[in-house]
Structure formats: C-alpha cells, structure tokens
Amino acid sequence: MAGLDLDFKIPVTKEQEDETVVTHNARLGILLFVVYVHFYAGFMILSAFNPAIMSTPVLGGLNLAIVYGFLLIAAALVLALIYMVLCKKSG
Amino acid sequence: MIHNSSAIAVAIFLLFVGAVLGLSFYLGAKAKSSKDYFTAGGTIHWAVNGVAFAGDYLSAASFLGICGMIAFYGYDGFLYSIGYLAGWIVALFIIAEPLKRLGRFTFADALDNKFNSRGIKLTAAISTLVVSIFYLIPQMVGAGALVQPLLGFPHFVGVITVGLVVILIVVSAGMVSTTWVQFIKGSLLVGLCAAITVMILARGISTSPKEADGTSAKVFARDVQLADLTKEPAKTVIPPSSAWTNKPYVRILDKATGSVSVWKTEANGTLFETQSITVLKDGRKLVNGKPQGKSEGQEDLKPVGYAYRLPDGASETGPLGPLSFFRTMQNTDVILWGSDKITEKDGSVTNIYYQKPTPGSDFLTPGSSPTFKKVRSNKFSDKLDFLSLMLALFCGTASLPHILIRYYTVKDQASARKSTVVGIAAIGFFYVLTLYLGLGAMTSGTLDVTDSNMAAPLLAKSFNEVLFAVISAVAFTTVLGTVSGLIMAASGAVAHDIITNYLKMDLDDFKKVRAAKIAAICVGLLAIVLGILFSKMNVNFLVGWAFNIAASANLPALVMLLFWKKTTKQGITAAITAGMISSLGWILLSAQAYKDVYGIDPEKAIVPFSQPAIVSIPLGFIVLVVVSLLTANKDAQKAAA
Numbered sequence: 001m002a003g004l005d006l007d008f009k010i011p012v013t014k015e016q017e018d019e020t021v022v023t024h025n026a027r028l029g030i031l032l033f034v035v036y037v038h039f040y041a042g043f044m045i046l047s048a049f050n051p052a053i054m055s056t057p058v059l060g061g062l063n064l065a066i067v068y069g070f071l072l073i074a075a076a077l078v079l080a081l082i083y084m085v086l087c088k089k090s091g
Numbered sequence: 001m002i003h004n005s006s007a008i009a010v011a012i013f014l015l016f017v018g019a020v021l022g023l024s025f026y027l028g029a030k031a032k033s034s035k036d037y038f039t040a041g042g043t044i045h046w047a048v049n050g051v052a053f054a055g056d057y058l059s060a061a062s063f064l065g066i067c068g069m070i071a072f073y074g075y076d077g078f079l080y081s082i083g084y085l086a087g088w089i090v091a092l093f094i095i096a097e098p099l100k101r102l103g104r105f106t107f108a109d110a111l112d113n114k115f116n117s118r119g120i121k122l123t124a125a126i127s128t129l130v131v132s133i134f135y136l137i138p139q140m141v142g143a144g145a146l147v148q149p150l151l152g153f154p155h156f157v158g159v160i161t162v163g164l165v166v167i168l169i170v171v172s173a174g175m176v177s178t179t180w181v182q183f184i185k186g187s188l189l190v191g192l193c194a195a196i197t198v199m200i201l202a203r204g205i206s207t208s209p210k211e212a213d214g215t216s217a218k219v220f221a222r223d224v225q226l227a228d229l230t231k232e233p234a235k236t237v238i239p240p241s242s243a244w245t246n247k248p249y250v251r252i253l254d255k256a257t258g259s260v261s262v263w264k265t266e267a268n269g270t271l272f273e274t275q276s277i278t279v280l281k282d283g284r285k286l287v288n289g290k291p292q293g294k295s296e297g298q299e300d301l302k303p304v305g306y307a308y309r310l311p312d313g314a315s316e317t318g319p320l321g322p323l324s325f326f327r328t329m330q331n332t333d334v335i336l337w338g339s340d341k342i343t344e345k346d347g348s349v350t351n352i353y354y355q356k357p358t359p360g361s362d363f364l365t366p367g368s369s370p371t372f373k374k375v376r377s378n379k380f381s382d383k384l385d386f387l388s389l390m391l392a393l394f395c396g397t398a399s400l401p402h403i404l405i406r407y408y409t410v411k412d413q414a415s416a417r418k419s420t421v422v423g424i425a426a427i428g429f430f431y432v433l434t435l436y437l438g439l440g441a442m443t444s445g446t447l448d449v450t451d452s453n454m455a456a457p458l459l460a461k462s463f464n465e466v467l468f469a470v471i472s473a474v475a476f477t478t479v480l481g482t483v484s485g486l487i488m489a490a491s492g493a494v495a496h497d498i499i500t501n502y503l504k505m506d507l508d509d510f511k512k513v514r515a516a517k518i519a520a521i522c523v524g525l526l527a528i529v530l531g532i533l534f535s536k537m538n539v540n541f542l543v544g545w546a547f548n549i550a551a552s553a554n555l556p557a558l559v560m561l562l563f564w565k566k567t568t569k570q571g572i573t574a575a576i577t578a579g580m581i582s583s584l585g586w587i588l589l590s591a592q593a594y595k596d597v598y599g600i601d602p603e604k605a606i607v608p609f610s611q612p613a614i615v616s617i618p619l620g621f622i623v624l625v626v627v628s629l630l631t632a633n634k635d636a637q638k639a640a641a
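Keeping their order, the protein sequence lines are chains Z and L.
Take the first sequence: its letters are residues 1 to 91, numbered as in the working numbering.
Take the second sequence: its letters are residues 1 to 641, numbered as in the working numbering.
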C-alpha cells in the first residue's frame, strides 16, 4: 500500500501563528509579487510589441533579450532572498 | 538509425539507472508510511530540501525540450526557462503560506477541507487526472528520445519500455520518491550541466565541429549553380512529378550510384544541399534515394549543427568566456534546419530537411521559432499566442498538483522559505545553463534533424561517450521518477477520490489498493499510447500545454478560495470545470494538434492560436465569480425563508 497512498492527504501540523506576523508576511509577499509581475510583464510586452528592440546590444555587447532574460532569473532569486530576510518568524 | 550505440555507454547507463532505482527502493522501503515521509521531513536540512526542490521540478522533459528548442530555433526555447522560473514567484509569494495555514498541501486537499462537497471532489479529481496525463505525455516522449540515440532502438520501443517498467514499479511495490533521491538527481543534473557548459566554453564555436572520435561533421554544399551539379554525364535532373511542381526543389539522380540528391533553390537562384528521407508506401525508407542504413550501398541522415560564418571570417573561435560566448553567437551565422513534406500521388512521403543560414542577431531574439514567429508580425491577435504561453507558465507552477508538496517537508516556515530560496537558486542556475547548452548543441555537429528532443544527450555525446551515458542515465531515472509519481497521483485520484469519495463505494483496503492498481495500469497504458502518438512534438511544447491546463483549471479556484470570502462550492466546481474543458478543448482544436497529432492541414484549425491560457484563465475567474454570486444569493434567500 505504501506507494499508493496519496502522501499529501495527511494534514500538516499548524504552527502557532501571530495574526500580525501573518498579515505582515502576506503583505510583503504581495508587494514583492507585484514588483516581479511588473518586471515580467515588461519583458512580455517588449518581446510581443517591439521584438526588434530585443536585439539591440545593451550591456557588455549582449543584446536586450539575453540581458533581460538573465535579469528576470536573477530577480526571482533576489526577491526570494529579500522575502526570506524580511519575513517575520512566526510565534 | 542515425545513431550508433556503444557497449560501454549502454553498460554505464544500465549500471547508473540500476543504482538510482536501487537507492530509491531502499530509501522508499525505509519510509513505510506516508506519515514517516513527512515526519522525516522535519529532520531534513533546508539546503538538502532546496536542492530536492530542483530535483522534483526539473523534469527530464523540460531539460530535453528546452535544450532541443534552443538548439533548433534559438532564444525562443529560453522563454520557457524564464516562464518556468517565474512561476515560483507566484508559488512562494502568494500561494504557499496561506495554503499551509489552511493546514493542507495541495489545492484539491484545501478545497476538500473547506467545503467537503462531492461535486468539488469529483471535479478536482478529474482535473488532477487530466493534468497528470498531459504532464505524462512529454515525459514518455522524452523517454523515447533518450533511449533512441543511446541504445539504437526506435522511439516507440523507448516509450513502451518506460511505460512497462513504471507500471511494474507502481503495481508491485510503489515507488516512494524520497527527498534524498531527488536531492541526488537534482544535484547531478545541475552539476553535469554546469560541467558540460564549461566544456562548451572551452571548445568554442567552429565552422566544422569534430565529433568525440575526431571525425568532422559533414559541411553541406551551398551557393551551387545547377550547371556545376550536372557536369558529370551520369547526373541528370529528375523532371518534377505533380507533387514536386511549383516547389523550390531540384532533384538530381546520379545514375552511377543510384542516389537522388534534393537541392533547394534560394531566392538568388543558387542551390543549397538538403537531406531527404522518403517513406515508400510499403514502409521502406530511402535516404537521399538509397535504402536507409549504415552498410555499403545504404545511406543515412547526417548529424548537423555548425557555424556558417564566424566574426572576422575565422574558422574557429577557440575557448570563450561566459559573456564572450553570447557576444560571438550574436555575430555568428549558423546553419539551422527547416523541414518540408511532399506527398506523392502513390502515397510515398518525402521529408526534406533544408539548410537555413540564420544570423545570431535573429535567432537570439524572441520570435525565431515557428511556434512564436508571429510575435514579429504587426497584427495584435498574432501576439496572443506568445502572451498566453507566458501567462500559463507564470500561473502553472503553483497549480500543478505535485509541486507545492515539498514546501512542507521541513520543520517550520522559516526553513521552508530558506529551502525555496535554495530551490529557486538551483533551478535558476540550471535555466541560465540551458541557454549555453542549447546554443552549444546548435553548433555541436551532432544534432539529429528529425528530433529536437535528442539535442541535449547528443551534445554530451559530442564530448565523450561516458558523459553521454551518465547524462542519459540521470535524465532517464528522472523520467522514471516523474512518471511513477504522476501515475500514482492519477490512480490515487481514481481510487480514492472518484470511487471511494464520489461514488461512495465502500471498498475495503484490499479492494481499494486493487482499484488503484488497475487504474495505474490503465493510466500507464494510456500514457504509452499517447507517448507514441505525440512523438513528433517538442516535449517542452507539451509541458507548456500541461501548464496551460493546470493553470486554467486550478488557479482561479485556488486564488479565490484563499482571497475571496464569498467563494461558494458551486463557484469552485464551475470554475474548475470551465477552465479545464475550455483549455483542453482549445488545445485539441489548435493548429499544432492538427499538424502534429492528427496529421490534418493546420490551416483548418478552429481556434486562432495554440495556447489557451489567456482566454481560459480569465474565463475561470469570471465563471467562479458569477456562479458564486448567484449561488450565494440563493443560499441567503433560503436562509431568509
């Protein structure tokens, strides 16, 4: 039976949570999310509506498509780090 | 077959797959109950868990598919890398913590918890089933693509083998995919890809790349005049039969050898050499007019992939740095390959693969692949396909049934966040590497023009056989792990949610397991059939479809459940149903499905573009809000009366 159990059906033990901590963390998450959405949307809009601009060299001879793409990946990591540092610990 | 298998490579491959499978069984047996799995979670270090995130998320299909798409078309494959990673932002910032506060792991579970409605259980189970099956298809296709260059089997043999092995694993023992196995696979995959990237940079780019054994890749003739080709008396132009008239091709028969070469006429009137494979009505295959094979008197398709013009007219660049690699590629013209299909009246079909000299400035910007070329058109509606895919990738990660689970395997929220950061770092690093790997494969001289999915393993093969065997083995075990996980999730949905909870059939444990096993066999067989049916498609494109369905069916319900208090159970059921049916129906009626699955003229497709998310996700939200408001009123009236 082991393998056929749906492992995730077991409830998680809830942590002791302080309402203010939860609100703080949720607000922070949404704020960072909004920041990233703008950055991501900028990339999509440029690619979709002005693809020619994506081939202009911008940094160290690399074109905008490569630089922006790498920055999006780096930004995801940086924002996740900020979130980790700024989130208040529960309890 | 274009590929030779080598005994050493096969031995290393089998040893490696055996070792990883053995390890999973050993660790799986230790974690007997599902509870163990999670209490063990409490003791797992966040860094290990983070890399395991990468092991879970980086399915072999996305690895093979992204590299293949970049190798064949350039930057467009990298769009998937960006989208897959961006999806984690939704998961981390918006979904994960509120979901955990509900005390649940997945959305289906959370819905169950809050409403306890049979309708929701049924729709959630069906949506899990559909998403799992769509996610299974690319894994199966990828398995075939791995086995083909390594063992020399045809594609379908690979698909059937994986299908049967996984069914056997699931039915006989059940493979518990443990954190440590995912950790090992994740770190091996990322580590090996980093090593290959270093090797690509050290090798540089060349106009005539050499294979591992020192033989140079064939450089195809271009800019040739017809008169030069027919100088020898034995060579004559074949008069075009009906199917070949008005096509830009000239066929030349060499009477001395019997070979037929097909040349493509360019705009300036010169001819470019092509490769052609003809499937006769009786099933025999001819390559350039000769029987396909490696022996005397036979011919086979040649591996391709080299630069056509390097900056400053050099013939090779020598070692390059991580940035100068891209700078050089931007200023390099590469021979990419296009394909065309000609069907004769007698039923024989000729596939022509022709050279497409493409400048780096073109293939390193979005819109270079057939999938997204419409981005460069001026019509607004043509851009929707691209926007829709990027939306699906963004929203899909958090909606996949099996992704968020690992968030809960560490002891507290702070550790969960730390491991997500490690996961994002490992996955992001890997996706940065995909651009190097793809472009490296594009100029490796080992590409198979018929199948983009094989680009990554063939790239490894261009360095050496051992690396090729190891990377194939890691990718293959990843396929086994992902496929068994998906089959279990799907069979669980049938046995637990549909039969027990919805139909209220009172099964004892034994019967329940038997039902789940029968379901697993059915899903496995279905996956085999679909894997063979979809074999011509880039696996990454297929993963993209799975993300479309997951995001359309699950995301509206998930977000509204967490953030809108007026959500009702009828609203949820309606939103899942609407999102799932609209996205699935849309995909099945798209031009891509017409062309690659049914073999019908894609021009006849009913829907205007192939990625449904931009329509079906908003539809899900609208349906949820409307139905919730309507049903909330009814409930209120009832209460008043």
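Honestly, I wouldn't trust all of these hints.
Taking beta-carbon pairs under 8 Å as the criterion, some of the chain Z residues facing chain L (in silico) [as the list claims (entries may be wrong)]:
id : residue
1  : Y40
2  : G42
3  : S47
4  : M54
5  : A65
6  : F70
7  : L77
8  : L79
9  : A80
These are calculated hints, taken from the structure and not from any lab test.
No residue lacks a Cβ here, since even glycine has one placed at the ideal position from N, Cα and C.
Verification of the hints:
no.: 1; hint: Y40; in the structure: holds, 5 Å
no.: 2; hint: G42; in the structure: violated, 12 Å
no.: 3; hint: S47; in the structure: holds, 4 Å
no.: 4; hint: M54; in the structure: holds, 4 Å
no.: 5; hint: A65; in the structure: holds, 5 Å
no.: 6; hint: F70; in the structure: holds, 6 Å
no.: 7; hint: L77; in the structure: holds, 5 Å
no.: 8; hint: L79; in the structure: holds, 7 Å
no.: 9; hint: A80; in the structure: holds, 5 Å
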